[in-house]
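Undergrad: Chain residues, written in single-letter form:
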Amino acid sequence: MIDPGQHLAQMRAAAPLVQNMTNYVAMNVMANVMLAAGASPAMVHAEEEAPEFAAIASALTINIGTFSAPWARAMLKTAAAARAAGRPWVLDPVAVGATSYRREIGAQLLAQRPSVVRGNASEILALSGRAVAGKGADSVDEVASAEAAASRLALNHGMVVAVTGAVDFVTDGTRAVRISNGHDMMPRITALGCSLTGLVGAFVASQPAFGATVATISYFGLAGEIAGRNSSGPASFQVALIDALYSLTPEELDRGARITPA
Amino acid sequence: MIDPGQHLAQMRAAAPLVQNMTNYVAMNVMANVMLAAGASPAMVHAEEEAPEFAAIASALTINIGTFSAPWARAMLKTAAAARAAGRPWVLDPVAVGATSYRREIGAQLLAQRPSVVRGNASEILALSGRAVAGKGADSVDEVASAEAAASRLALNHGMVVAVTGAVDFVTDGTRAVRISNGHDMMPRITALGCSLTGLVGAFVASQPAFGATVATISYFGLAGEIAGRNSSGPASFQVALIDALYSLTPEELDRGARITPA
Amino acid sequence: MIDPGQHLAQMRAAAPLVQNMTNYVAMNVMANVMLAAGASPAMVHAEEEAPEFAAIASALTINIGTFSAPWARAMLKTAAAARAAGRPWVLDPVAVGATSYRREIGAQLLAQRPSVVRGNASEILALSGRAVAGKGADSVDEVASAEAAASRLALNHGMVVAVTGAVDFVTDGTRAVRISNGHDMMPRITALGCSLTGLVGAFVASQPAFGATVATISYFGLAGEIAGRNSSGPASFQVALIDALYSLTPEELDRGARITPA
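Chains as they are written, first to last, in numbering that gives the first Met the number 0: chain C, 0 to 261; chain D, 0 to 261; chain G, 0 to 261.
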């Protein structure tokens, strides 16, 4: 039985320092999402210091959205440093099926044993080895079509896999739930998935990964529902979403969460 | 006779995947502008994958705002790959006259035969070879002073040139129009010109470049007019602009467009 | 006697071109803050052109938030070029105490004699040589605890040091003031300190550094107070802050400034 409000309260009490190696598009909104929720984000990516920083932070997130060779090198070293320091880390395999370079680095990152992978259905399918028609960061598959692949990935790699979309699916290979919080406007705003990955990092920094991941996704989706009632387009939606992440209480989250066993 | 509403409707129906190699300042707002309008932006710049991606995307845009040597190398290769794959590409020569490095790379990019160049008057004048006093990204020249240079550039390179400012000027060397949509607040918000370049990429992805470019600029300017009536400063203007890009219908665009032969 | 309104009026009349080598998180909001205030920001960082650009711009700001080796090289060269051209430059030593790499490059930048250093208390203490427990970009120290270190730094290096926090402290080693403008929400929004550093660059571009720095901080804090009355969370606060920076008049600043001798 997952209590999302308690996960939120614990995250806020810990206010964890989370290191994020993310893409250029997401950096600002991701940091604002994390600060609004109550975490302390730090964007540190240089090979010269990122591995050292991984032991200072409580968790690490890695997102390949706009990476290049120097970033990939630093990501692999930093993921290894996080594991060596006993820190959880979260992988966001943006558009991992789009190019051969992404498939190659994606597989190398997966071998560094993330605690959680969060992606859309196309990304989870690509990560599980399905050949995909090249596409950008937007999913062309339904969540349901990636559930079996997510469960296999989770079992094979001993991690939590979250497939996000209209209805989200989270599994650790033995347990699985679906989360139906969220709002139709969310795919029309860039980097919200990336920002959610940062929040997952904050929640799993000091809490068991499966429940913490489910709680994060429900919290983010519920904030989206509130934003949908207070906006008139994608930009005012983003403003209202971040304000709602700031204002939402654990009690409101418990009342609004829609989590069901899968 | 240009029908901007029909161009908008066609762009939305196609929802084209557009690859953008742009500057760090613009990445987030440009992606949000494109998503709000109905396109699917992908920011992919690394030399290892950007040329491969150019054949996956329907169009490419290149913006030199914050480039450096690795980016310049990748931009030149990716522009060549886009041409080889028959994809249109759009050049945004940010502050091209400011430094010798920008002038050099700007000329090399021009030699890769963009389908469209969009810049402010100072940039178009610099690209046409005029020696300019160094300045930043803000224009110090009026659009009218760059119209002759724009027409020559367009003829010599077989492309569409758009000079944007208080009244915009678009030409393919034989035809030319002026567009008087827009709002005084727009220069007070960073990266709106860059974002407009991304939108041009989305419109020309599947439509003839001259009409599509004119339609894009009119659409963006009309959204600015709506934003001007719903904001109290540059930040609320940006929110209202993106919301308006999302909400504007083809019929409203046809009614509000102010396009006249030049 | 500092007259902040006059500093603001002079900055707006000059509309200075300011070169910023800043972090990826801050780039967009910093540019928007500077444009809203009336300055002309230019983000130029590549080693190939940044030193050349330093003589074109009226001031330079350097922020190490997300730097890496190529950026550090270019920053050191560009700071030297700014000094050689007689341009003031402002250092923002983000998280300078967090890793050995930051401490090393921070010391090298300090040796390039900035006109102003602006940081939070933890950063100023780290820059003055105090060994610190590693942390991210958020301060873990109170401003008061860094005042003595700030005064020593200012005297030893012949520069202005600004420690920002709940109550800000600015000194040139002989004079010192405290500024109590500002709002509790400001630390919950990313890159506002970085944006303030950009504004300091705009104010000191053509005005004596001590008074101009004090005026900038008071202006920014007062805009925050206005934003606090017109927002319902951190994202709407940021929108209202930038709108207020645009709207605030010199007279309103003189009425609202809370500057006291230290």
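A hint or two may mislead.
[Claimed, not checked] Chain C residues, not near chain G, derived (Cβ > 10 Å throughout): (1) N27; (2) H44; (3) A83.
[Said to hold, decoys possible] Quick list of the computed label-pair ranges, beta carbon to beta carbon: (4) A110/D x A68/G: 30 to 36 Å; (5) N229/C x A8/G: 51 to 57 Å; (6) D253/C x E250/D: 43 to 49 Å; (7) P69/C x A110/G: 24 to 30 Å; (8) N229/C x R228/D: 19 to 25 Å.
Just so you know, these hints were derived from the structure itself, not from any lab.
The beta carbon of each residue, even a glycine, is placed where N, CA and C say it ideally should be.
Undergrad: Now tell me, hint by hint, if it's right for this structure.
TA: Results of checking the hints against the structure:
1. Under the 10 Å C-beta cut-off, the non-interface status given to N27/C relative to chain G is violated; the minimum distance is some 5 Å.
2. With a minimum CB-CB distance of about 6 Å to chain G, H44/C fails to clear the 10 Å threshold, and the non-interface call is violated.
3. Here A83/C stays apart from chain G, with its beta-carbon at least about 16 Å from theirs, past the 10 Å limit.
4. The hinted window of 30 to 36 Å between A110/D and A68/G holds, with their beta carbons roughly 31 Å apart.
5. Taking the beta carbon of each, N229/C and A8/G are about 38 Å apart, not inside 51 to 57 Å as hinted.
6. In this structure the supplied range 43 to 49 Å holds for D253/C paired with E250/D, their Cβ-Cβ distance being about 45 Å.
7. Remark: the range hint 24 to 30 Å for P69/C to A110/G is upheld by a beta-carbon distance near 26 Å.
8. The beta-carbon spacing between N229/C and R228/D, approximately 20 Å, falls within the hinted interval of 19 to 25 Å.
Violated hints for the displayed structure, listed by number in ascending order: 1, 2, 5.
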